[in-house]
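Participant: Go by the hints and put chain B onto chain A.
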Amino acid sequence: MFGLVAAVSALATAASHAEPPAAPTSGSTPAATPSAAPTKEELAAEAAAAKAKAREQKELRAKYGEGPYPGEVEAFIASKPATLQPFFRTLFLGGERNAVLNFDRLGLAAMQAGEWKIAEHAFDGALTRIEQVYAQNTQAEQAKSVWKKEARKDYKGEPYERAMAYYYRGLLYLRTEDYDNARASFKGALFQDSINLDGDRAQDFVLMNYLSGWASACAGDTSLADEQFQIAAKVNTNLVRPPAGTNTLFIAEIGLGPVKSKSGQNAELLEFKSVTGLPEAGAYFTASGNPAAPQIATREVASLSYQASDRDGRKMDGVLKGKAEAKAITNAVGDQMIQQSLLNNNNGMGGMMGGMLAGWMMKGLSSAMHADADIRMWDTLPDRVLLATATVSPLPSGNYSITFLDGKQAQVDLKPAALQAFGGKRCSLIWARSRDAIAVDPVTPGDDAGVAAANARRKEVQAKDKGFRASLSDF
Amino acid sequence: MAVTRKGVRWIAQVFSAGLLAATLSGQPAGAKPKEGVQDLDPGQKGVVDGVGIASRDIASMADIAIRDLLSRGDIVNRPVPPRIVVDSEFFRNQSSQRIDRDMITDALRVQLNRAAAGRLRFLSRESMLAVGRERELKDQGITDSGTMGRRRISGADYQFVGKITSLDSRNPKSGTYQRRTQIIFELVDLETDDVVWTGEPYIILRASDEDIVNQ
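Heads up: the sequence lines are chains A and B, in that order.
Per the working numbering, the first sequence starts with residue 1, numbered consecutively.
Per the working numbering, the second sequence starts with residue 1001, numbered consecutively.
Hints are computed from structural coordinates only; laboratory data are not their basis.
C-beta: ideal position from N, C-alpha, C; glycine also.
Misleading hints may appear alongside valid ones.
What the hints assert, rightly or not - Among the chain B residues that face chain A by a calculated CB cut under 8 Å, a handful are:
(1) Q1044
(2) K1045
(3) D1049
(4) R1092
(5) N1093
(6) Q1094
(7) S1095
(8) R1098
(9) T1165
(10) D1168
(11) G1175
(12) L1205
(13) S1208
(14) E1210
(15) D1211
(16) V1213
Unchecked claim - Lysine-lysine pairs mimicking DSS-like chemistry, simulated, CA-CA at most 25 Å apart:
(17) A:K53 with A:K144
(18) A:K273 with A:K363
(19) A:K144 with B:K1163
(20) A:K144 with A:K408
(21) A:K425 with B:K1173
(22) A:K321 with A:K273
(23) A:K53 with A:K40
(24) A:K262 with A:K273
(25) B:K1173 with A:K315
(26) A:K234 with A:K273
(27) B:K1163 with A:K321
(28) A:K144 with A:K262
Looking at chain A on its own, in the form it has when it is part of the complex:
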């Protein structure tokens, strides 16, 4: 009996669960129900929307591959500071191939704008890639191919450009008083300086030794500081060890860095040209709001034009030379074959046509070969770095102004593009630039549009760049 009652009760419960929930009656409160079940119309609308979205994605993928799709770029840059948005756009669109260069340019522009977190993030992005060891990299293999241009490779920059990425990251570490990592950054710059130097030649970008010493002195590592200051002073007498108690470093970056160009019969030679005609050749700092304050004179301690050209030749130059020779020889052989077929009448019309065809094929092969040097460049770098030190009390150092001087020590009517004070408890840094790193063409300088377009069509590049864009979401 009890079993029958239980069975009937269970059936009744099951039936009640199977029933649709009762519609709320007038005056009742539907608070207990989580949400009303969607109506047929709503379900149909949802399905239609999902279908439309899938169709849109399919169309976008057909048109743009893995992207970026219209709207994605705008959505990415919308939350970024207005002054830096053009650089973010270039970074987003440029993908992995130009990532280091675009990070470098963004980082420096962000430093000028005082957007420190963005600057740190950008230079970290650049240095991570510079330090990455490339093995079996498709783009690197392509850069060596006689059929592809060097610009196919992922940009890491020439040694002076890589060293400067470490330099700026080091300054940013000095700003946050992370002296250990500042020193590591300046050491990283020195390591890059050792690329393409013959064994018997020493590193000569001794500004980095000096800054490594400065970071050590700020950290209280006196013996390490002494060692680095000594190395710097040995090569550059302008880099003398600062007196004990010195706590403020003044850095002025003047002029514009070397410009890359290609020369040679087949554009295979990479050349660096100094930017001339700019008036500033020196600078001094003065404490703001105190006309009686003494001038803090700076000394030139580094020239990037010198650092760019003071190399023993890139390994890649040999590859490009080989490509250029292959291109020239193939073209010359083609010319010879055409000439011979025209001069030699023994083989009749058929022989002549065959010889000419073979000659034109050789010339076609020659024109398909690419020996061009890669001239992508960090265009916002300065040409020269000037430096001074002082003892300021109390720290952090206050505001300073900078005056630029020409070659005859006369004042130049030029306002600083950047003038930032990085205050600290132990050391301070005043950093200034004569030339703007923001008001420049945001497009990747020196990039080969044809290479960029061809690269972007490759499926594996699209997949890699999709991952790259996803990684930018933490900016």
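Facilitator: Then chain B, alone, in the frame of chain A:
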């Protein structure tokens, strides 16, 4: 026109079947990068390599240091567990690798805390600001004294200290570069300045060949 050996090599390549095939396909030989996100074992070699401290080194060096320290009965088997501070303040990076030192000291503290199972007590000097703020609220009577009553802030017996140093070298002919990284951990008595324990130096020696396109 003078022709170098490299030029001859390129000519040979032009007419080699491999390159012609590559021309036709537009795809040079070489491994294709894997797509998408990969889950990796943090204790194993990663897919992106450099010559410095890698993910697997952090786990490995912490593990070695902990085993070594826990084998020291005079430190870990006392009736009253000694109090230790493990933070990055005195863990110095003098190497040429930028690194977040907290990654190493946090791994060390967490693993050591778990492995010590109460035989060592760890103090968080990084939390002194939070502790001070809460004690001030209690002092002012704004809050009650909590469920365990007022107590004194613990004094430390030992401080974990350490140092990362490195030596970089490069072969200018081959482009191969090498880095020796050395990590040392020590335990310093905060009363006497005695170094009561020194772990075996953790040494990493790695070399790498950069592709010539980047040399």
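Participant: Next, verify each hint and record whether it holds.
Facilitator: Status of each hint after checking the structure:
1. Checking Q1044 of chain B against chain A: minimum C-beta separation of about 17 Å lies over 8 Å; hint violated.
2. A distance limit of 8 Å between C-beta atoms decides the matter here; for K1045 of chain B the minimum to chain A is near 12 Å, and the interface restraint is violated.
3. The interface hint given for D1049 of chain B holds, since its Cβ lies 5 Å from the closest Cβ of chain A, which is under the 8 Å cut-off.
4. A hinted interface residue such as R1092 of chain B counts as satisfied when its beta carbon comes closer than 8 Å to some beta carbon of chain A; here the least separation is about 6 Å, so the hint holds.
5. Restraint check, N1093 of chain B versus chain A: the minimum CB separation of about 4 Å is within 8 Å; hint holds.
6. Because the smallest distance between the Cβ of Q1094 of chain B and any Cβ of chain A comes to about 7 Å, under 8 Å, the interface hint for this residue holds.
7. Checking S1095 of chain B against chain A: minimum C-beta separation of about 6 Å stays under 8 Å; hint holds.
8. The closest approach between the C-beta of R1098 of chain B and any C-beta of chain A is roughly 5 Å, which is under the 8 Å cut-off, so the hint is satisfied.
9. Violation of the interface hint for T1165 of chain B is found here, the shortest Cβ-Cβ separation to chain A being roughly 10 Å, above the 8 Å cut-off.
10. Satisfaction of the interface hint for D1168 of chain B is found here, the shortest Cβ-Cβ separation to chain A being roughly 5 Å, below the 8 Å cut-off.
11. With its C-beta approaching chain A no nearer than about 6 Å, G1175 of chain B sits inside the 8 Å limit, and its interface hint holds.
12. A hinted interface residue such as L1205 of chain B counts as satisfied when its beta carbon comes closer than 8 Å to some beta carbon of chain A; here the least separation is about 15 Å, so the hint is violated.
13. Among the interface hints, the one on S1208 of chain B holds; its C-beta lies about 5 Å from the nearest C-beta in chain A, closer than the 8 Å criterion.
14. Hint status for E1210 of chain B relative to chain A: holds, with the closest Cβ pair at about 6 Å, below 8 Å.
15. Proximity of D1211 of chain B to chain A holds as hinted, the smallest CB-CB distance being about 5 Å (cut-off 8 Å).
16. Interface restraint check: V1213 of chain B against chain A, minimum CB-CB distance 5 Å, threshold 8 Å, status holds.
17. The suggested pairing of K53 of chain A with K144 of chain A is violated, with an alpha-carbon distance near 42 Å, which exceeds 25 Å.
18. As the CA atoms of K273 of chain A and K363 of chain A are separated by approximately 33 Å, the hinted pair breaks the 25 Å bound.
19. Proposed proximity of K144 of chain A and K1163 of chain B is contradicted: the alpha carbons are some 42 Å apart, above 25 Å.
20. Proposed proximity of K144 of chain A and K408 of chain A is contradicted: the alpha carbons are some 48 Å apart, above 25 Å.
21. For the hint linking K425 of chain A to K1173 of chain B, the alpha-carbon distance of about 45 Å lies beyond 25 Å, and the restraint is violated.
22. Between the alpha carbons of K321 of chain A and K273 of chain A the distance comes to roughly 20 Å, so the proposed pair stays at or under 25 Å and holds.
23. Restraint check for K53 of chain A and K40 of chain A: the C-alpha separation of about 20 Å stays at or below 25 Å, so the hint holds.
24. For the given pair, K262 of chain A sits about 10 Å from K273 of chain A by alpha-carbon distance, which is consistent with the 25 Å threshold.
25. Among the hinted pairs, K1173 of chain B with K315 of chain A is consistent with the structure: their alpha-carbon atoms are about 9 Å apart, no more than 25 Å.
26. The hinted pair formed by K234 of chain A and K273 of chain A fails the criterion: a straight-line CA distance of about 28 Å is larger than 25 Å.
27. Simply put, K1163 of chain B and K321 of chain A have alpha-carbon atoms about 46 Å apart, too far for the 25 Å limit, and the pair is violated.
28. With a C-alpha separation of about 17 Å, the suggested pair K144 of chain A and K262 of chain A falls inside the 25 Å cut-off, and the hint holds.
Violation of the numbered hints given earlier is confined to hints 1, 2, 9, 12, 17, 18, 19, 20, 21, 26, 27; the remaining hints are satisfied by the structure.
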